[in-house]
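Asks: Listed in order, the protein sequences are those of chains B and E. Start counting the first sequence at 1; every next residue gets the next number (the numbering used here). Start counting the second sequence at 1; every next residue gets the next number (the numbering used here).
Treat the hints as calculated values from the structure; they're not laboratory data. Warning: the hint list may mix true and false statements.
[Claimed, not checked] Result set (BS3-like, lysine-lysine): computed pairs, CA atoms no more than 27 angstroms apart in a straight line:
id	chain 1	residue 1	chain 2	residue 2
1	E	K228	B	K205
2	B	K205	B	K193
3	E	K222	E	K158
4	B	K233	B	K271
5	E	K158	B	K205
6	E	K198	B	K40
7	B	K36	E	K192
8	B	K221	B	K233
9	B	K296	B	K344
10	B	K221	B	K205
11	B	K235	B	K205
12	B	K235	B	K193
13	E	K198	B	K192
14	E	K158	B	K193
15	B	K40	E	K192
16	E	K3	B	K289
17	B	K205	E	K222
18	B	K193	B	K233
19	B	K296	B	K271
20	E	K228	E	K158
[Said to hold, decoys possible] Partial pick of chain E residues on the chain B-facing surface, computed with a CB cut under 8 angstroms:
id	residue
21	D35
22	M37
23	D62
24	I64
25	K85
26	A98
27	T101
28	A102
29	H106
30	P213
[To be verified] For each label pair, taking beta carbons as the anchor points, the in silico distance ranges come out as:
id	chain 1	residue 1	chain 2	residue 2	range
31	E	G147	B	H125	26 to 36 angstroms
32	B	E231	E	K200	39 to 49 angstroms
33	E	K181	B	E231	56 to 66 angstroms
34	B	S202	E	G128	49 to 59 angstroms
35	B	Q214	E	C18	36 to 46 angstroms
36	E	C18	B	K221	27 to 37 angstroms
37	B	K289	E	C18	48 to 58 angstroms
38	E	P233	B	T223	50 to 60 angstroms
39	B	M308	E	L232	52 to 62 angstroms
40	E	K181	B	Y212	35 to 45 angstroms
Yeah, the Cβ is synthetic: ideal placement off N, Cα and C, and Gly gets one too.
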Amino acid sequence: MKGNEALAEAAVRAGCRHYFGYPITPQNEIAAYMSKRLPKIGGVFIQAESEISAINMVYGCAAAGTRCMTSSSSPGISLKTEGISYLAGADLPCVIVNVQRGGPGLGSIQPSQADYWQATRALGHGDLRIPVLAPSTVQEMADMTGKAFDLADEYRAPVMILADGLLGQMMEPVSFPDIGNADEPRAKAVPKKWAAVGHGNSRGKNIINSLYLQPEKLEEKITERFKRYEEIKNKHAGAVSENCDGADIVIAAYGATARIARSAAETAREKGIKAGTFRPLTLYPFPEKELREACKTAKKVLVAEMSMGQMVDDVKLALECKLPVEFFGRTGGFIPGPGEILNKITEVT
Amino acid sequence: MPKFARPRSLADVETHYCPGCAHGIIHRILAEVIDEMGIEGDTIGVCPVGCSVLAYDYFNCDMIEASHGRSPAVATGVKRSLPDKFVFTYQGDGDLAAIGTAEIIHAAARGENFTTVFVNNTTYGMTGGQMAPTTLPGQVTQTTPYGRNTATEGFPLKICEIMAQIDGVALAERVAVIDPKSVFAAKKAIRKGFEFQKNKQGFSIIEVLSTCPTNWGLTPVKSVERLKNDMLPYYPPGVYKEGAVR
């Protein structure tokens, strides 16, 4: 299956019956898949008039307590950030997928990782964080989608899956054992007593809102939300470290680039360089403890990205300047080759 | 004789609306319709950004606060998730006819089964009286201090006339709230919209011509005069489209 299709099927199996989107390459397979799949199982697919409308349909649907999703690619995500800020401010659970392409502006339709800063720091105005999951295989495109819906419901927060054009378009075998099937989604829907579904004259009214005119109220709301972010950090920050015990150099990369970094590190080891790899599964929260643990013996860290260097900031922050951090990146739609990363490894060791 | 009392669907709280503002009347007739249909427990309202931003505190049904102009998209998400519930949006002219033009046009084009109450007072009230898309030619506002000049600021949007061209619209009706007769007519129009919604027969919009004494710089009485003399000729009340679309 294509990465985009695996993600869409996983969403269905996670109990998502409502999808709202707008065409943009390289994620169109998600909307196409949903438009075929959802009507057959009593779901709703809407091709909205804009990215802004799509994210606001998600806002309404999530406000009604229903699992829902939207997907887009970089320029479209910029349009959605208004809605994402409101979703965060109103504590509404949903899943937002970014299959990254080149930027800024229209950029390109080739794979990219240049939205790391946007995803981890700037998905809308205001004091907010959005949990961001970073798949690296088609299987993870599926698995992380299931996890994203659960996280969103548990913490009443919008959750982002940050993929890229390479992962979206590539085909790999995928299975869905941990996600459930279409008839019996794993979704152990958390009861949503807060949802606006009509009070049925049996309770007080529910209000879904992000406006708090009294500073005390707004500060209280945000402080409570940041406590939830802290809990997400403690419970869900994750990474995969390989060959880091005794490594002299650790190569940190996420998503599609992590696959290439892995093969570069393998070749480096064959050449006698003690190279390990570190791959964050969550970009926010960034797996800081895991990185420090992976770098225990390292003398240097090399960060590889499909950008001019964005995650490298989080690596430096996590390492608190205790280790030199090098960077290698390609941008504009180029996928770094294993040879290029290997050259950089050799150069810096 | 039925006793004149506060509708159940209207919360017993003080509103922040200015003296002479018609939001209070429009809230009330909307709440009366909800009461009379007995649907307050099955209704979800979506309120806008603008003077009625705090409407979630004033209605006694479940309420959602949307971002500026996006209420029709939000209402679409709610209604598609809960097709048997009643959903309304309550929007002003800046919200609906400027920043939210795309959202309202396409919700109408999809024939979404919800009802929009569109309050047109020809200005942005909440932010201090700037030019709205419905500001009349020559009208002085904070951002048209020399009067709206159609050579540079263009022309007002006539929303009901636009809605009448859209196949997904079951009801597009313009009303005013200037005297008891017109208030009753306005209420009847809102009820009609909710009936179309009940039968899942398409999108309904009721444009209510309203006053803004504060930003017009007029007394409440003079404001009603202005509505009658200046607004009614430009925005004639009436039914612009009526009939089930499905």
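Asks: Each of the hints needs a verdict: does it hold here or not?
Replies: Comparing the hints with the structure gives:
1. Restraint check for K228 of chain E and K205 of chain B: not satisfied, since their Cα atoms lie roughly 38 angstroms apart, outside the 27 angstroms limit.
2. For a cut-off of 27 angstroms, the pair hint linking K205 of chain B to K193 of chain B stands: about 11 angstroms separates their Cα positions.
3. Using a Cα cut-off of 27 angstroms, the hinted pair K222 of chain E and K158 of chain E holds, with the two alpha carbons roughly 24 angstroms apart.
4. Distance hint between K233 of chain B and K271 of chain B is unfulfilled; the C-alpha atoms sit about 37 angstroms from each other, more than 27 angstroms.
5. For the given pair, K158 of chain E sits about 35 angstroms from K205 of chain B by alpha-carbon distance, which is inconsistent with the 27 angstroms threshold.
6. Straight-line distance between C-alpha atoms of K198 of chain E and K40 of chain B comes to about 25 angstroms, which keeps the hinted pair within the 27 angstroms bound.
7. For the hint linking K36 of chain B to K192 of chain E, the alpha-carbon distance of about 36 angstroms lies beyond 27 angstroms, and the restraint is violated.
8. A threshold of 27 angstroms between alpha carbons decides the hint, and for K221 of chain B with K233 of chain B the separation of about 19 angstroms falls inside it, so the pair holds.
9. Note on K296 of chain B and K344 of chain B: the hinted pairing holds, with a Cα-Cα distance of about 21 angstroms set against a maximum of 27 angstroms.
10. With a CA separation close to 19 angstroms, the supplied pair K221 of chain B and K205 of chain B stays within the 27 angstroms bound.
11. Simply put, K235 of chain B and K205 of chain B have alpha-carbon atoms about 33 angstroms apart, too far for the 27 angstroms limit, and the pair is violated.
12. Proposed proximity of K235 of chain B and K193 of chain B is supported: the alpha carbons are some 24 angstroms apart, at most 27 angstroms.
13. Distance check on the hinted pair: K198 of chain E and K192 of chain B sit about 26 angstroms apart at the alpha-carbon level, within 27 angstroms; holds.
14. A distance of roughly 41 angstroms separates the Cα atoms of K158 of chain E and K193 of chain B; the hinted pair therefore is violated under the 27 angstroms criterion.
15. Under the criterion of a C-alpha separation no larger than 27 angstroms, the hint pairing K40 of chain B with K192 of chain E is inconsistent with the structure, at around 33 angstroms.
16. The hinted pair formed by K3 of chain E and K289 of chain B fails the criterion: a straight-line CA distance of about 68 angstroms is larger than 27 angstroms.
17. Distance restraint check for K205 of chain B and K222 of chain E: the Cα-Cα separation of roughly 38 angstroms exceeds the 27 angstroms cut-off, and the hinted pair is therefore not satisfied.
18. Of the supplied pair hints, the one linking K193 of chain B and K233 of chain B holds, its CA atoms being roughly 25 angstroms apart against a limit of 27 angstroms.
19. At most 27 angstroms may separate the alpha-carbon atoms for a hinted pair to count; K296 of chain B and K271 of chain B meet this at roughly 22 angstroms.
20. A C-alpha spacing of about 17 angstroms is found between K228 of chain E and K158 of chain E, which places the hinted pair at or below 27 angstroms, so the restraint holds.
21. The beta carbon of D35 of chain E is not positioned within 8 angstroms of any beta carbon in chain B (closest approach about 12 angstroms), and the interface hint is therefore violated.
22. Using the Cβ-Cβ criterion of 8 angstroms, the hint placing M37 of chain E at the interface with chain B is not satisfied: the shortest such distance is roughly 13 angstroms.
23. Of the supplied interface hints, the one on D62 of chain E holds, with its beta-carbon coming within about 4 angstroms of a beta-carbon of chain B, less than 8 angstroms.
24. Checking I64 of chain E against chain B: minimum C-beta separation of about 4 angstroms stays under 8 angstroms; hint holds.
25. Taken as an interface hint, K85 of chain E checks out: its beta carbon lies about 5 angstroms from the nearest beta carbon of chain B, inside 8 angstroms.
26. Checking A98 of chain E against chain B: minimum C-beta separation of about 14 angstroms lies over 8 angstroms; hint violated.
27. At about 10 angstroms, the closest approach between the beta carbon of T101 of chain E and any beta carbon in chain B exceeds 8 angstroms, and the interface hint on this residue is violated.
28. Given hint, A102 of chain E at the interface with chain B, holds; its Cβ is 5 angstroms from that chain's nearest Cβ, closer than 8 angstroms.
29. Taken as an interface hint, H106 of chain E checks out: its beta carbon lies about 4 angstroms from the nearest beta carbon of chain B, inside 8 angstroms.
30. Because the closest C-beta pair between P213 of chain E and chain B is about 23 angstroms apart, greater than 8 angstroms, the hint is violated.
31. For the pair G147 of chain E and H125 of chain B, the beta carbons lie near 35 angstroms from each other, so the given range of 26 to 36 angstroms is met.
32. Checked against the hint of 39 to 49 angstroms, the C-beta distance between E231 of chain B and K200 of chain E comes to roughly 43 angstroms, which is consistent with it.
33. At about 59 angstroms, the CB distance of K181 of chain E to E231 of chain B agrees with the hint of 56 to 66 angstroms.
34. Between S202 of chain B and G128 of chain E the Cβ separation comes to about 42 angstroms, which falls outside the hinted range of 49 to 59 angstroms.
35. A hinted range of 36 to 46 angstroms is violated for the C-beta pair Q214 of chain B and C18 of chain E, which are about 21 angstroms apart.
36. As the Cβ distance of C18 of chain E to K221 of chain B is approximately 28 angstroms, the hint placing it in 27 to 37 angstroms holds.
37. Separated by about 56 angstroms at the C-beta atoms, K289 of chain B and C18 of chain E satisfy the suggested range of 48 to 58 angstroms.
38. For P233 of chain E and T223 of chain B, the Cβ-Cβ distance of about 54 angstroms falls inside the hinted range of 50 to 60 angstroms, so the restraint holds.
39. At about 60 angstroms, the beta-carbon gap between M308 of chain B and L232 of chain E stays in the expected band of 52 to 62 angstroms.
40. Remark: the range hint 35 to 45 angstroms for K181 of chain E to Y212 of chain B is upheld by a beta-carbon distance near 41 angstroms.
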